[in-house]
Amino acid sequence: MATAPEVEAPADPLEAFRAQARAWLAENFPPALKGKDNSMSAVEGPTELNADEAAWKQAMGEKGWGVPTWPAEYGGGGLDRAEARVLAEEMGRIGAWNPIGGMGVMMFGPTLLEYGSEAQKREHIPPIVRGEIRWCQGYSEPNAGSDLANLQTFAEDRGDHYVVNGQKTWTSGGQWADKCFALVRTDKSKKHEGISFLLIDMDTPGVEVRPIRLISGSSPFCETFFTDVKVPKANLVGRVGEGWTIGKRLLQHERSSLSGGGSTAGRMFLGEPISSIAKRWLGTDDQGRIADLDLRTRIVRHEMDLRAFLLTLRRAQLEAKSNQGPSATSSIMKNVGARIMQERSELLIEIRGLAGLGWEGEGFGEEELKDVRTWLFGKAVSIYGGSTEIQNNVIAKRILGMLDHQ
Amino acid sequence: MAVLTEEQTMIRDMAREWADNESPVTAFRRVRDTAPAAMFDAQAWQAQAEMGWAGILVPEEHGGAGMGYLSLGLVMEQLGRNLAATPLAATAAAAGAILIGGSAAQQAEWLPRIAAGDLVATLAVDEGPRFAPDRIGAAVNGGRLTGTKAFVAEGDGAGLFVVAATDGLYLVEKGEGVTVAPRHLADARSHAEVRFENAVAQKLDGPADLVTRAADRATAIVCAEMLGMAESAFAQTNDYLKTRVQFGQPLSSFQALQHRMAKMFTELELMRSVVEGALEAIDANRPDVSQSVSLAKAVAGETLRLVSSEMVQLHGGIGMTDEHDAGFYLKRARVLETMWGNAAWHRERFARLSGY
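Line by line, the protein sequences give chains A and B.
In terms of the UniProt record's numbering, the first sequence has 325 at position 325, counting the first letter as 1, and numbering is strictly consecutive.
In terms of the UniProt record's numbering, the second sequence has 10 at position 10, counting the first letter as 1, and numbering is strictly consecutive.
Any given hint might turn out to be false.
Unchecked claim - Dumping the calculated EDC-like pairs for lysine to aspartate or glutamate here, alpha-carbon to alpha-carbon at most 20 Å: (1) A:K397 <-> B:D239; (2) A:K279 <-> B:D239; (3) B:K263 <-> A:E343; (4) A:K370 <-> A:D305.
If you're looking for bench data, these hints aren't it; they were derived computationally from the structure.
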């Protein structure tokens, strides 16, 4: 091969960075917050930060280490991959967590860094780095779900600005968001090429948000209505008609964050294994086996599936690092991650019987009540971010080279 | 693909090239049709020995390559792709047992001959049609072994048997007191009932769990062969769907089939991870070798069953004909799924080892 493999930075500078990171974390991470990760609040809605949380968030925001590999010129950490890995190790060592999250970090920021103008990057990246601005995603519409390119929300060109009319749906965190990155139609005569990528302030007159109540009882998503909403031309990202390309790139960031680097499954694995929960609830027979043998078999299958998934994640990471050519594994991670998460929830209900279906009130443990909501919300995992069926289309067409139907 | 060393990449590429050029499925078909007494491709086995594969696991001081199980697995995977009919898996499994349990003298006696390809060896554990290492009746008295082993892989051509008896593993050379009767299974490979009557037996000392350790290694080797078979069966099916036209379109344009293929591809990726994981666990001598091997065999068994069945179904009528190769994959798949424990057996062991 002509190119040399990526050379790890010599041990010394990296160890120097480790010492530096360790010292900074010792000075800035409040020990009281150890292990009390509230990063999901970015998805689940705003929570009141206590003094420690606020201080930690501010410190990480100013340091840029919430987004360690983003360029320093926009406030990011400016670290290389090896340094970012060291930082993560050092944070893990003391139970520190990243207080900077949300869609700005996971999806919009990386996309804007790639496609945004200099002015747009200077305006929008620093507030994301500091965790000050919440972004939401204006993609899906009532008639544009899996067939996203069918979207109809129209941005009419009025010289120096657009006037936007239409409706978005499944806007995650729309009711708490400050800004929205949206796919809008700028040309009705072309399907994909008629789409543009537009940034809309949520407090602009004509923007109306209605939360959607889900089967889980929570309302993490909204319907968002746009009625004669005036948006400056400066808020167009990329060129007119380039929205589909940019939007798809953003979805890649979404998928990789949904498959989570396996974080969801990883957390499950670190939590109490489902087999031990089953032993506690169902007891064991005289051979030490979970008393319900049929359920036990399905628990083994599930735990094997989880192990296989984690081994595949590890393999994908190693392959990416050793540069053995593009790995196909990332494309399957979302489907497998979803099936594992959903299966775990279903097994938990079977293990606990009706006590595993408690909705609220007395007579149920905190875990049981939480797991019921997780079970219901978890049904979304195989639907959002490209449903399992859409992922299978992607695998078949892009990886297996199967053809479009004529 | 696991992260490979330069040496491993070389041996894998060499094996792939050899399998594709020298040992396509037509070579297996020829063995099946001519049915030689030993039921393997003697010419191919000799070529493999010359390339050093018979001694992949054998240390250099005994004339081998001194490589590990991942390297052996890479070769087995390539052989599995084209159903190469040689006694490499069985011989390597026997060599693995001798490496763990053999004295210096035993290793010096047998390993050089194995590495040179002069001696086919095999590990004989089961006495019935299903894997049951806890039900062994063969026993040794005064250095003589008596008992009957069922469906011994490569039993027809083996010169050395590594035999599980009630108190451990023994080496028995083919000769007096050893009777071999072929058992023709659907896969047209060598399986034999081997009867030992007061046959001279040398004990392999070594750890108390020697039988388990030897069987785990044999299982992992078979998993690598299954991985290659599943990949090839899948690739051939994918190619076929692109060429077969019905309703004026290639079959690959039908979404019902696309999703079945996507699902199989997904399972194949998981299969590769667990199989490589087991081989790596063995090489690293990790304490969870048995769990890793059970994970690998259970997933490999189910995935190969799926892919080999779908290979026939998606080929339609042509897949039902003897002229087509699909049937070879289907038949060999079921044999390997059963050998060394089917998916249910390994799920059971995995659960027990995990404490539930």
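Results of checking the hints against the structure:
1. Restraint check for K397 of chain A and D239 of chain B: the C-alpha separation of about 13 Å stays at or below 20 Å, so the hint holds.
2. Our distance criterion of 20 Å between C-alpha atoms is broken by K279 of chain A and D239 of chain B, whose separation comes to about 47 Å.
3. Between the alpha carbons of K263 of chain B and E343 of chain A the distance comes to roughly 17 Å, so the proposed pair stays at or under 20 Å and holds.
4. The straight-line distance between the Cα atoms of K370 of chain A and D305 of chain A is roughly 23 Å, outside the 20 Å bound, and the hint therefore fails.
Of the hints listed earlier, those the structure fails to meet are numbers 2 and 4, in rising order.
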